[in-house]
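Please construct the entire structure, taking both the sequences and the accompanying hints into account.
Read in order, the letters of the sequence shown are residues 1 to 632 in the UniProt record's numbering.
I should point out that these hints are in silico values taken from the structure, not numbers from a laboratory. All figures in this text were calculated on a predicted structure; none of them were measured in a lab. Yeah, the Cβ is synthetic: ideal placement off N, Cα and C, and Gly gets one too. Please note: incorrect hints may appear among the correct ones.
What the hints assert, rightly or not - Distance condition first, Cα-Cα at most 35 Å in a straight line; then the derived DSBU-like pairs of lysine-lysine:
hint, residue 1, residue 2
1, K536, K24
2, K88, K141
3, K18, K362
To be verified - The following label-pair restraints were derived from C-beta to C-beta distances:
hint, residue 1, residue 2, range
4, N507, E12, 35 to 41 Å
5, K88, G489, 19 to 25 Å
6, K121, R398, 19 to 25 Å
7, K373, R590, 57 to 63 Å
8, I324, N160, 25 to 31 Å
9, P632, P124, 53 to 59 Å
10, K520, T389, 20 to 26 Å
11, E68, E180, 51 to 57 Å
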Amino acid sequence: MTTLKSFQAEIEAISHEKHIQSIKEAREAHAAAELARHHGKLPSTKNQPVIEVKVEDEKDEVAEISLEDLIISDDNNIDDLQSRLASKLLKGHGEQLISLGAHPSPQHTYTLSPSSTDDSKPIPTVGIPLSSAKLDKSIDKLRTVCQALKAELNELYRTNQDQSSHGCWLVRLTPRGVEEIMEVRVAVVGNVDAGKSTTLGVLTRGGLDDGRGKARVALFRHPHEIETGRTSSVGGEILGFSSTGQPVIPTSHITDNAEGHNHALAAAKREKLGWEEICKRAAKVVSFIDLAGHERYFKTTLYGLSGCAPDYVMLMVGGNAGLIGMSKEHLGVALALNVPIAVCVTKADSNSPSQIDMTPPKILEQTVNMLTKVLRSPGCRRIPVFVNTAQEAVDCARYLGQPLGSGGRLCPIFMVSNVTGHNLPMLRTFLNCLPSSQSDDKYVVDAPFEFQISDVFSVPFVGTVVSGVITSGTVHANDAVLLGPDSVGQFMPTAVKTIQRKRASVNSGEAGQSVSFALKRIRRTQVRKGMVLIGKTENPPKAVKRFEGMVMVLHHASTIQPKYQAMMHCGAIRQTVRIVSLDHPSGLIRTGDRAKCVFEFISHTEFLKEGQLILLREAKTKVLGVVTKVLP
Numbered sequence: 001m002t003t004l005k006s007f008q009a010e011i012e013a014i015s016h017e018k019h020i021q022s023i024k025e026a027r028e029a030h031a032a033a034e035l036a037r038h039h040g041k042l043p044s045t046k047n048q049p050v051i052e053v054k055v056e057d058e059k060d061e062v063a064e065i066s067l068e069d070l071i072i073s074d075d076n077n078i079d080d081l082q083s084r085l086a087s088k089l090l091k092g093h094g095e096q097l098i099s100l101g102a103h104p105s106p107q108h109t110y111t112l113s114p115s116s117t118d119d120s121k122p123i124p125t126v127g128i129p130l131s132s133a134k135l136d137k138s139i140d141k142l143r144t145v146c147q148a149l150k151a152e153l154n155e156l157y158r159t160n161q162d163q164s165s166h167g168c169w170l171v172r173l174t175p176r177g178v179e180e181i182m183e184v185r186v187a188v189v190g191n192v193d194a195g196k197s198t199t200l201g202v203l204t205r206g207g208l209d210d211g212r213g214k215a216r217v218a219l220f221r222h223p224h225e226i227e228t229g230r231t232s233s234v235g236g237e238i239l240g241f242s243s244t245g246q247p248v249i250p251t252s253h254i255t256d257n258a259e260g261h262n263h264a265l266a267a268a269k270r271e272k273l274g275w276e277e278i279c280k281r282a283a284k285v286v287s288f289i290d291l292a293g294h295e296r297y298f299k300t301t302l303y304g305l306s307g308c309a310p311d312y313v314m315l316m317v318g319g320n321a322g323l324i325g326m327s328k329e330h331l332g333v334a335l336a337l338n339v340p341i342a343v344c345v346t347k348a349d350s351n352s353p354s355q356i357d358m359t360p361p362k363i364l365e366q367t368v369n370m371l372t373k374v375l376r377s378p379g380c381r382r383i384p385v386f387v388n389t390a391q392e393a394v395d396c397a398r399y400l401g402q403p404l405g406s407g408g409r410l411c412p413i414f415m416v417s418n419v420t421g422h423n424l425p426m427l428r429t430f431l432n433c434l435p436s437s438q439s440d441d442k443y444v445v446d447a448p449f450e451f452q453i454s455d456v457f458s459v460p461f462v463g464t465v466v467s468g469v470i471t472s473g474t475v476h477a478n479d480a481v482l483l484g485p486d487s488v489g490q491f492m493p494t495a496v497k498t499i500q501r502k503r504a505s506v507n508s509g510e511a512g513q514s515v516s517f518a519l520k521r522i523r524r525t526q527v528r529k530g531m532v533l534i535g536k537t538e539n540p541p542k543a544v545k546r547f548e549g550m551v552m553v554l555h556h557a558s559t560i561q562p563k564y565q566a567m568m569h570c571g572a573i574r575q576t577v578r579i580v581s582l583d584h585p586s587g588l589i590r591t592g593d594r595a596k597c598v599f600e601f602i603s604h605t606e607f608l609k610e611g612q613l614i615l616l617r618e619a620k621t622k623v624l625g626v627v628t629k630v631l632p
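Written out as structure tokens, the structure reads:
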């Protein structure tokens, strides 16, 4: 029987290989299209000599001296440091974390088994030890370079121990417009009544909750959500951080109790900054995807986790309830999709003067013990880190999602209270330092344009509007694109009328950004979730009816055989598929089995690519897999 860890590693390797191959092909097609556009014809690549340029020596030369070594060196190398920092900021989309001094090694500080940490032995350090005076001199040198680049230098933390000092600083550029704002997408999940919407309301508005859900009211999208207090749709909220690292929140929270019509929703709306105003003042935006916690809305939550392409998942656990109900389901889905996870334990301040937010110490201790046990289990293999200092928050943000020496991955745990504000500054510091997936190879800019549609609207006097994430390439207003596949597998020509990002009008968008497009000559009934917008290339896109996938059954009550049907989630695609055939020796698969299956869409064709992760669900059944081959 294959373990989930080994299967995840295998499908991740398959997905990475297919992704690299598709990137190579896409870049070649993009380069050919650019040449054709500028010269009027496609160049012939046959019988042309291939010129190889060796840059190995240059790479070795650049890799000799790191950015930190340039900062602490006594040489007057301001120009070299400025050019190196500028290239780092360009690669990191205007942001760079810099650690100076001898830091404790994260591989030894955070370990999977608690018994392996020995307090008697000193923890090994990483970096060059610096005295306090030497560190001050290096910081002055870095500040001079930042002023030349018109960037802000922010101190995240600094520790002075004996004769050694170390710390971490954040360099951030001020964006010239909304197009250049760095974006991090965080999906918020957890059981019903865990405090998801309330925590987001407190984070994005700066005020505290009254213990009765005042902070969550403005996040709801429907009247029945306000009446019941439960989220039933995929909500959205943003938290901006300025170039100095300060959260962009309303400066005052005024509620006039003398007004007779002072409804909770009206008070919350007055405390809210508009998204355009936040984007004007912010250099980085954290987009929260508020998902439903109730069991009846699980399919909506699953669609938000797969279709909205979150970079991270924040699991909310009620301190008075523990890891119960849908929290375990949401944790399992996040682990299956291999998305980095952070945990917030709400209602966790037992010293609260209000009885509303007080969790008994024994109950809170039981919740913490259960959470730690589940995270350390072989199925999760996460290293729980209870964040209480700025250094722990920054370390968790830097190494989140990266495997450490023990084989596990960090999982920060924040014990917060929305009534007293306990530990909320540490949570904001963590969110401020989270890197965006735009810096990874997951989203490629120099490739043909591709956009997944996750939501569709009909706006009066504007027309059909689609929203989603740009998976590759760039797009500008009035660009001609193809929309599809429709019910018969065809792609319709259209054009992008206008573009909006975070409700602010922009002229262009690039890979990794979540944007909205107004489309020309397209009716609302012609568009559905799961369709794609693709740039026009020489090779027309093809719709897929059948495909082959490598799958593993995470849970099923009995057996899965050919002709079995289940709902498939693959990015923004959500459609029922049928198993045509499977290559297991017994002709059927059970929980824990893996097989290569041929799937067929029930309703209509979709746009699929090799290497995409798929997740099948039907009641309690869950099947994880990857697309290995697209069949004609």
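Results for each hint:
Proposed proximity of K536 and K24 is supported: the alpha carbons are some 18 Å apart, at most 35 Å. A threshold of 35 Å between alpha carbons decides the hint, and for K88 with K141 the separation of about 17 Å falls inside it, so the pair holds. Between K18 and K362 the alpha-carbon distance is near 50 Å, which puts this suggested pair outside the 35 Å criterion. The hinted range of 35 to 41 Å is satisfied by N507 and E12, whose Cβ atoms lie roughly 36 Å apart.
Between K88 and G489, the C-beta spacing of about 45 Å breaks the proposed range 19 to 25 Å. For the hinted restraint 19 to 25 Å between K121 and R398, the CB-CB distance of approximately 24 Å keeps it satisfied. Checked against the hint of 57 to 63 Å, the pair K373 and R590 fails, with Cβ atoms roughly 27 Å apart. Checked against the given bound of 25 to 31 Å, the beta carbons of I324 and N160, roughly 44 Å apart, lie outside it.
In this structure the hint that P632 and P124 lie 53 to 59 Å apart at CB holds, the actual value being about 56 Å. Between K520 and T389 the beta carbons are some 53 Å apart, a value that contradicts the proposed interval 20 to 26 Å. The hinted range of 51 to 57 Å is not satisfied by E68 and E180, whose Cβ atoms lie roughly 26 Å apart.
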